[in-house]
Amino acid sequence: MSGDLQELVGELAPVEREAWNALQDGRIAFQRCRSHGHPWLPARPQCPRCLSPEWEWEEAAGGAALISWVVYHRAFHPALADFVPYAVAAVELSEGPRMVVALDGVPGEAEPRAGAAVELATVERGGVRLALARLL
Amino acid sequence: MTTAPACVLAGVGLTAAGTLEGRSTISLNVEASRLALADARIDKDLVDAVYVKFPTSRLEFMYATKVAEALGVDEPTICGCWDQGGASNISMVSQAAQAIAAGEIEVALVTAADNPRSGTRQAYDKAWGTDAPYGWVGIAGGYAMIARAYLEEFGLASRDLAPFAIAARRHGAANPAAQLRKPLTLERHQEEDWIVEPLRRSDVCLVSDGGGAVVVTSARRARQLGVPAPIGVLGFGHAQKAQETIRRADLTATAARPAGAMAFAAAGLRPRDVDVAQLYDCFSVVPAMTLEDYGFCGKGEAPAFARETGIEVGGGLPINTSGGLLAETGMPGMQMVVEGVRQLRGESTSQVAGAEICLVSGQGGVMTTHATMILGSR
Numbered sequence: 001m002s003g004d005l006q007e008l009v010g011e012l013a014p015v016e017r018e019a020w021n022a023l024q025d026g027r028i029a030f031q032r033c034r035s036h037g038h039p040w041l042p043a044r045p046q047c048p049r050c051l052s053p054e055w056e057w058e059e060a061a062g063g064a065a066l067i068s069w070v071v072y073h074r075a076f077h078p079a080l081a082d083f084v085p086y087a088v089a090a091v092e093l094s095e096g097p098r099m100v101v102a103l104d105g106v107p108g109e110a111e112p113r114a115g116a117a118v119e120l121a122t123v124e125r126g127g128v129r130l131a132l133a134r135l136l
Numbered sequence: 001m002t003t004a005p006a007c008v009l010a011g012v013g014l015t016a017a018g019t020l021e022g023r024s025t026i027s028l029n030v031e032a033s034r035l036a037l038a039d040a041r042i043d044k045d046l047v048d049a050v051y052v053k054f055p056t057s058r059l060e061f062m063y064a065t066k067v068a069e070a071l072g073v074d075e076p077t078i079c080g081c082w083d084q085g086g087a088s089n090i091s092m093v094s095q096a097a098q099a100i101a102a103g104e105i106e107v108a109l110v111t112a113a114d115n116p117r118s119g120t121r122q123a124y125d126k127a128w129g130t131d132a133p134y135g136w137v138g139i140a141g142g143y144a145m146i147a148r149a150y151l152e153e154f155g156l157a158s159r160d161l162a163p164f165a166i167a168a169r170r171h172g173a174a175n176p177a178a179q180l181r182k183p184l185t186l187e188r189h190q191e192e193d194w195i196v197e198p199l200r201r202s203d204v205c206l207v208s209d210g211g212g213a214v215v216v217t218s219a220r221r222a223r224q225l226g227v228p229a230p231i232g233v234l235g236f237g238h239a240q241k242a243q244e245t246i247r248r249a250d251l252t253a254t255a256a257r258p259a260g261a262m263a264f265a266a267a268g269l270r271p272r273d274v275d276v277a278q279l280y281d282c283f284s285v286v287p288a289m290t291l292e293d294y295g296f297c298g299k300g301e302a303p304a305f306a307r308e309t310g311i312e313v314g315g316g317l318p319i320n321t322s323g324g325l326l327a328e329t330g331m332p333g334m335q336m337v338v339e340g341v342r343q344l345r346g347e348s349t350s351q352v353a354g355a356e357i358c359l360v361s362g363q364g365g366v367m368t369t370h371a372t373m374i375l376g377s378r
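Going down the list, the protein sequences come from chains A and B.
Quick note, the first sequence lines up with residues 1 to 136 if you use the numbering used here.
Quick note, the second sequence lines up with residues 1 to 378 if you use the numbering used here.
No lab work stands behind these hints, which were simulated from the structure alone.
None of the values given here were measured: they were computed from a predicted structure.
Don't take each hint at face value.
[To be verified] What the simulated footprint calls covered on chain B by chain A, stretch by stretch (three residues with Cβ under 8 Å from a Cβ of chain A suffice, anywhere in the stretch; the number is not a length):
id, segment
1, 187-197
2, 241-248
[Said to hold, decoys possible] Derived CB-CB ranges, DEER-like:
id, chain 1, residue 1, chain 2, residue 2, range
3, A, R44, B, L59, 18 to 26 Å
4, B, P176, A, R49, 52 to 60 Å
5, A, E56, B, A6, 52 to 60 Å
6, B, Q224, A, L12, 54 to 62 Å
Backbone N, C-alpha and C fix where the C-beta goes; we use that ideal spot for every residue, glycine too.
Next up, chain B with everything else stripped away, as it sits in the complex:
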């Protein structure tokens, strides 16, 4: 088994999800951070590092120091933005853990917020260069290109992606804070219009305003400060793919494979040790391919794994138990970290009985960036 974790997630916070008219991304970061610090019962004055996810929908200079100033943390030891899309959250926790282990800092706030639903979508709406007149625009197209290659290679079809949307929607329906609480059936999924074929409406994540934050510190410091329910980090993994999706030699070989292998090796665990997983699901095909590349099943076998082992609560490996990006909030990933902590504290709205090990994945771009984190309650 594993050695005691050096780094812990001391507290988590999540704002409301959906349309938050008039809320700046900085105010959402502040609200999420206030909730996370209160959850950790750590005084704000002890925060000596602020790691902020780049708000993807609007470009802004010196964004992290603006957030730190709004938090009243005027002179943090470390402060900066991480620009890696949905892998940023776990990457920032990893960076914080390393700085803590090196003795550079003691208490880090890791926070992410955006308002693409009610605010600007400046960064998404601009022209995209010489590929754009082909209509090769938007994020969904890139994922659809990978999804088509995946379905083709393994003889699968749109209906095989449905279980991942159905599981998220069931868990979202059970979560009072979820933006989308309407369950989904296979029949309804198959009747839906295509967005970019082979992806249908329910295969595509929500667009949401909101923020999430986590307080990271050492296990020793958490004990000293009387943090009520710290959750240990057992291992991190990282990997990246080529920026241009179509240049990747194999479109169906994801960064989850090397990142997952690194995280399992660091934790001294194997896939069968995992009780529950939060797998980044901006599109339904992503948790399917992630499950496979993490080694829970073979390539092309995720749909069968979903049907036979079960990925809903009560099944062999429940995933995305708060609803994920497909049902809880389209926020790029911090909700998955928060839900991982809640599961191991026994606080989930779709609680997995006796869950002790939770795997969390984050990824960004078009399956470009990837980060993995394994959490443990003991």
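So here's chain A without its partners, still in its complex pose:
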């Protein structure tokens, strides 16, 4: 069915499911190591720095910097057909971890710039809640 983005998620490992569920509740979450404080994404069950399984979820404050972005003009899956053209951005949270987010609007009129400050929020799209970056 066109426009149902949940079907693209597929099966998730438990720790990925926790991150996804937090996002569905409107919270952008990342993990932080209890031993040394290292923060990371994407979600995984051990700290990629010290390999400790002791960590906790933390909610991102919402500040981030734009690293790069693309605009999809073709739907690589039928569920995405209703949304092209759409923009996807890579951002670095002010807390450190990086993530993929939706970029508000399709660049063209107001060209974004690498390093630009963005503000993150969540938005409903295709039956799911996604992180959205707005240029400040």
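Fit chain B to the known structure of chain A by using the hints.
Same frame as chain A, now just chain B:
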């Protein structure tokens, strides 16, 4: 200058490219291997190692031993798959060279085949986890993300990537075996639709069925067996980047820099010694960034290098002289190894006069894996 190479590419083989309806990947590996062994004039019974590139479009267990069995090589000393995307071919040649140098094996078949055009695309079509609902799917998006960072950092635009597609398409047009033989102009490139902006249709590789293989042995064994036209390997280089593209501290610093430096050091050569290069071009931005990180020009200078030095046959550094992934076949990289050998034998359809040193690059994932090989005809 360099010392005599210990390891040689004794023979190469390439199947037809394009839509090969009904052909299994194993049958394509067998056909490519038969051609490579015939080219080397080495009897199949002498093969004691089979290295096989993982067929990316469909996951299959014990794939390499299935290929070996189909080849009638039932009990090879070494046999296995390498899962590194387009860097696999050169990495496997390197692994074979080390095993040969260690005295473990004498004659290795290194083979790769896939049928994503007429067969399944199972491995590409599955859902991609929590990033997928953003539409962050497919390989092109990852390369576009790097391409955008590259164009932004150096003040370049889509038109600056065009020379890499145009060169591949010119060389493809001259190659009767190429899947795409229609030349490309800058004007036509700039009129094309975006696939994932900033990449246009002709910036993106072909999707092709096909196979390629190479026979690796020692220089000494090649002489004993009367191999007609062995090509020496002068040096290998390797490097990898973080799997998650966006986690890389600098999106425009590629694995080509350390891998190229390693290969040039091993060969005792410098970029200016290279006569012709086969630079993996799944997307036009890749050979541009590879040229820079191999040291042929500075960062952000590849478009100017293409315009001023020239990357087409007749230019200062012809690249991808059989058409590469953009025109010859979308096969992930073995065609670049085969063309490197053909150039140094004087057999290319876009021959570089007097070519003696050829650089070949392979890379996979989203500029994740990288392997470099420098070939020499003397």
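Structure-based check of all given hints:
1. Interface restraint, the segment 187-197 of chain B with chain A: holds (5 residues with C-beta to C-beta distance below 8 Å; minimum three).
2. Under a criterion of three residues with beta carbons nearer than 8 Å to beta carbons of chain A, the stated coverage of the segment 241-248 of chain B is upheld, 4 such residues being counted.
3. Hint check: R44/A to L59/B, Cβ distance near 22 Å, so the stated range 18 to 26 Å holds.
4. In this structure, P176/B and R49/A meet the distance hint of 52 to 60 Å, their C-beta atoms being roughly 54 Å apart.
5. Our hint of 52 to 60 Å for E56/A and A6/B holds, since their Cβ atoms are close to 54 Å apart.
6. One distance hint, 54 to 62 Å for the beta-carbon pair Q224/B and L12/A, holds here, with the actual separation near 57 Å.
Of the numbered hints listed earlier, not one is contradicted by the structure.
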